[in-house]
Amino acid sequence: IGYLSSDLHDHATAHLFAGVLERHDRERFEIFVYSYGPEDGSAMRARIKAGTEHFIDVAWEPDDIVVQRIRDDALDILIDLKGYTLGARTALLAQRPCPVQVNWLGYPGTMGAAFVDYLITDRFIVPPDRESAYSERIAYLEPCWQCNDQSRPVIAALTRAEYGLPEQAFVYCCFNQAVKITPEVFDCWMNLLHAAPQSVLWLADDNANATKNLAAAAAARGIAPERVIFAPRLPLPQHLARYQVADLALDTFPYTSHTTASDALWLGCPLVALSGETFPARVSSSILTACGLPELITQTLPEYEQLATRFALEPEFAARTRSRWQAMREYARLFDADLTTRNLESLYLDLVNGSNGSPRA
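Numbered according to this note's numbering, the sequence shown terminates at residue 361, and the numbering increases by one at each position without gaps.
Since the hints were derived computationally from the structure, they do not count as laboratory data. Keep in mind that the hints are not guaranteed to be accurate.
[Said to hold, decoys possible] With a Cα cut of at most 20 Å, we get these calculated SDA-like pairs of lysine to any residue: (1) 49 - 37; (2) 212 - 223; (3) 180 - 254; (4) 49 - 64.
Since we're looking at a predicted model, the values are computed, not measured.
Work out the full structure, taking the sequences as your base and the hints as a guide.
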């Protein structure tokens with residue numbers, strides 16, 4: 001089994017994937033990792049290296065050398081964890097170094113390429129009646145397309161005051177990249193703040209221009225500056241700790257919360273999701289489904305606004321939902337890396353043996 005990516009360092013993909021990599025059955029599978037990303041010296045980079053028999057850094061090797069190396073390793077299946085995201089070397093796949101090539105985890109959608117045979121997803125994200133929208137054959141992974149594990153760092157949070165938050169406010173948060181925030185969703189968030197005067201909105205300080213523009217947009221909609229608070233970048237453990245003092249995580253749309261959704265849930269913070277029709281518009285809802293929280297999935301923007309408002313205006317409902325989730329969290333299938341790994345391995349065997357049908361030519 002080979003994994004190909006440039007994100008095997010202190011990156012969201014690595015944080016999701018490391019637990020699965022470590023749990024592969026070494027008696028049945030030989031694992032190769034081909035990394036063409038930076039050597040950042042991080043603890044995550046070291047963890048990825050330690051989690052596989054063959055960690056091969058090909059960052060400085062030209063495509064033809066990398067392709068020949070993969071061919072020489074005689075893989076049965078090659079999983080691309082990158083897709084069409086920043087820094088991708090799709091040309092490696094185009095040269096067909098492996099007989100079975102798979103798109104998983106790094107890119108939420110079809111690659112539309114004849115040299116990618118399968119797309120790993122789940123039945124919520126791509127229901128069987130929508131398989132024709134994808135060039136790859138669909139391979140279903142349970143419980144969720146997104147893998148996770150229980151080793152994400154959990155440290156004590158600071159006080160709300162130390163984060164610049166009002167102690168008694170209801171705190172809505174969304175730490176997604178600013179590029180995901182559409183005018184329609186932002187208008188909805190402003191409606192939430194108007195409906196619940198004691199609430200605040202906590203956003204990521206993603207970049208200076210976005211922060212300035214979002215603050216100005218909130219002011220133009222009649223929201224006082226102190227009610228939209230921006231969280232600076234922090235190392236992952238300190239960043240994740242912030243979810244412990246937030247009351248509710250808010251989804252973006254149509255590109256929904258992906259890693260940020262599982263971040264919030266792992267730290268015990270409920271998420272209200274908005275589900276759409278496309279792959280990236282269904283990931284947050286798939287995550288909630290795998291956590292046993294389908295009641296937090298909405299289908300329209302008015303439903304989303306209504307449910308998020310209810311959290312702020314009905315403290316007992318909010319407390320009951322949070323308490324229930326925190327009691328369930330340790331047992332949620334989303335964070336069961338052993339289960340995901342065993343299911344993934346069974347899926348790989350099916351793909352190699354042709355049980356999922358022949359790869360596309």
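Hints, one by one, checked against the model:
1. The straight-line distance between the Cα atoms of residue 49 and residue 37 is roughly 13 Å, inside the 20 Å bound, and the hint therefore holds.
2. At roughly 14 Å between alpha-carbon atoms, residue 212 and residue 223 fall within 20 Å of each other, so this suggested pair holds.
3. Annotation: proposed proximity of residue 180 to residue 254 holds, straight-line Cα distance about 8 Å (limit 20 Å).
4. Taken as a hint, the residue 49 and residue 64 pair is broken in the structure, with Cα atoms around 24 Å apart against an allowance of 20 Å.
In terms of the numbered hints stated before, the structure departs from hint 4 and from no other.
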